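**Student:** What follows is the residue order along each chain.
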Amino acid sequence: MSLLEQPFRKALMEGVTGKKALVFDSGPIISLVMDNLAWTLRALNKKFNGDFYITNEVKREVIDKPLTSKRFKFEAMYIKEFLDEHVLKLADEDLTVETNRLLRLSNSIYKTRTEDLKLFQKAEIESLALVKHLNAEALVVDERTLRMLIEEPENLKELLNKKLGRKVTIDSSNLKQFQKLIGDVNVIRSSELLVVAFELGLLDKYADGNKRELLDGILWGVKLRGCSISSEEIYKIIKFEGF
Amino acid sequence: MEEEVKKDILDVLKKSLEAIKKEDIVNLRELSNHTLHDASIYQDDYSTTIAIIIYSLSKVFERVSYREYKSWSMFYKNILEFFDKAIKALEEDNIEDYEVIVHDMFNTIYDLEPKLRDYIINVFQGARIHKASRLHEHGVSVGRVAEILGLSEFEIMDYLGKTGIADVEFSITRDVRERIKFVRGIFK
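Listed in order, the protein sequences are those of chains A and B. The first sequence: position 30 = 30 (this note's numbering), numbered continuously. Positions in the second sequence are counted from 1; adding 1000 to them yields this note's numbering.
Rather than coming from a laboratory, the hints here were simulated on the basis of the structure. From a predicted model like this one, the values you see are computed outputs, not experimental measurements. Incorrect hints may appear among the rest.
[What the hints assert, rightly or not] Listed next, the stretches of chain B that the computed footprint assigns to chain A, with coverage defined by at least 3 CB atoms under 8 Å from CB atoms of chain A:
1) 1067-1074
2) 1077-1087
3) 1165-1177
[To be verified] Below 27 Å or equal to it, Euclidean Cα-Cα: the simulated DSSO-like pairs (lysine-lysine) are:
4) K70(A) to K1162(B)
5) K1006(B) to K19(A)
6) K1162(B) to K46(A)
7) K1188(B) to K162(A)
8) K89(A) to K1006(B)
In this text, a Cβ means the ideal position worked out from N, Cα and C, and glycines have one as well.
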């Protein structure tokens, strides 16, 4: 089924499952595991009353590949347990056609004089395709490039211009096609999931009477493990949480 | 090899050779940054490999203590030879030879005494992660960077967290309060 038939698909999925869905890219799983906070996914999953999905490509990145290494073998085993417990579900849909189409488009939006800038990889784009396929509530992604493409494509152009020292242009036709295919996609990060976990009291046992420090600690923890949240955003969160 | 890549690598090799001879480590580091533009745009093995080599050499030459090892002079001689041969191969447009020369340069490291060899290998391994974070800083996604450099996303994410990349103004795309409001809504 093509992505252009999403409204039909949406109705179909809602009718069939009636369940909400979040789709996880590799990054947030890695950040949460490395910050020893992946366990919060169990309670969040229950509270969500829906399913947390990963794609085959993400599974390959966070389980299959590290299982063959020495350095991150245990982390891979740890993540596998979440799949075994169905806290994370492996999407079994074949999204090859949609993924390849989105990958081709996303990698031909930004151009230098002579080259298309190939900024994205299959796993990230497959997760995006799955969000559309499931009509999921959001894509959970910790790295900034895909988030920028979805939310502020002009910002990404400016960044590329500045960093590459060459004029980078946007192929408006490809960008429009890409945006038409993905529609409105909500993007969240592991940091926002942790704020909700914090508000739900899941981490209270660590507070030791100082919830401000707890919030500061979990947000900096996930930032230092690779979640693309700025220090300023952390400061804002702490402030509007009333500390 | 793309003509522009070849031209840039040749230029970097010549300037790096000069910098090494003059012990100009700062310039060597700057040259390694220059190679990153090509690595971000073309994402080919040639550009990424030369970026890693020049950055690693800048780190190795920065450590004066390495020069006390017996096999340092052998390493230094091998590196000068590598530059001479690589420049000649590219000038003659002999890409096959160039590939062999790069490969041989890595192999000569294994002939060094164990301690110096291990230090240098560590520098080269660290350089891959460093270049991965720099490629991401240049706008390439984490997944794509992992793919280009053959690294695990675990390694890259861990390194990225210690950089200021997330604090760059361009990286902030939505108001964080709104984003959290949305997440609260879906967990109600």
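**Student:** Under 8 Å between beta-carbons, do enough residues of the region 1165-1177 of chain B, three at least, approach chain A for the coverage claim to hold?
**Tutor:** It holds, with 11 qualifying residues against the three required.
**Student:** Straight-line Cα separation of K70(A) and K1162(B) no greater than 27 Å?
**Tutor:** holds, 23 Å
**Student:** Taking 27 Å as the top limit, are the C-alpha atoms of K1162(B) and K46(A) close enough?
**Tutor:** violated, 32 Å
**Student:** Is the listed coverage of the region 1077-1087 of chain B by chain A valid when you require three or more residues with a beta carbon under 8 Å from a beta carbon of that chain?
**Tutor:** violated (count 0)
**Student:** Is K89(A) within 27 Å of K1006(B), Cα to Cα?
**Tutor:** violated, 46 Å
**Student:** Straight-line Cα separation of K1006(B) and K19(A) no greater than 27 Å?
**Tutor:** violated, 54 Å
**Student:** Between the alpha carbons of K1188(B) and K162(A), is the straight-line distance 27 Å or under?
**Tutor:** Given pair K1188(B), K162(A) is violated - Cα atoms ~41 Å apart, limit 27 Å.
**Student:** Taking a Cβ-Cβ distance under 8 Å as contact, does the region 1067-1074 of chain B have three or more residues in contact with chain A?
**Tutor:** Answer violated; 0 residues pass the 8 Å Cβ test.
Hints 1, 2, 5, 6, 7, 8 from the earlier list are contradicted by this structure; the remaining hints agree with it.
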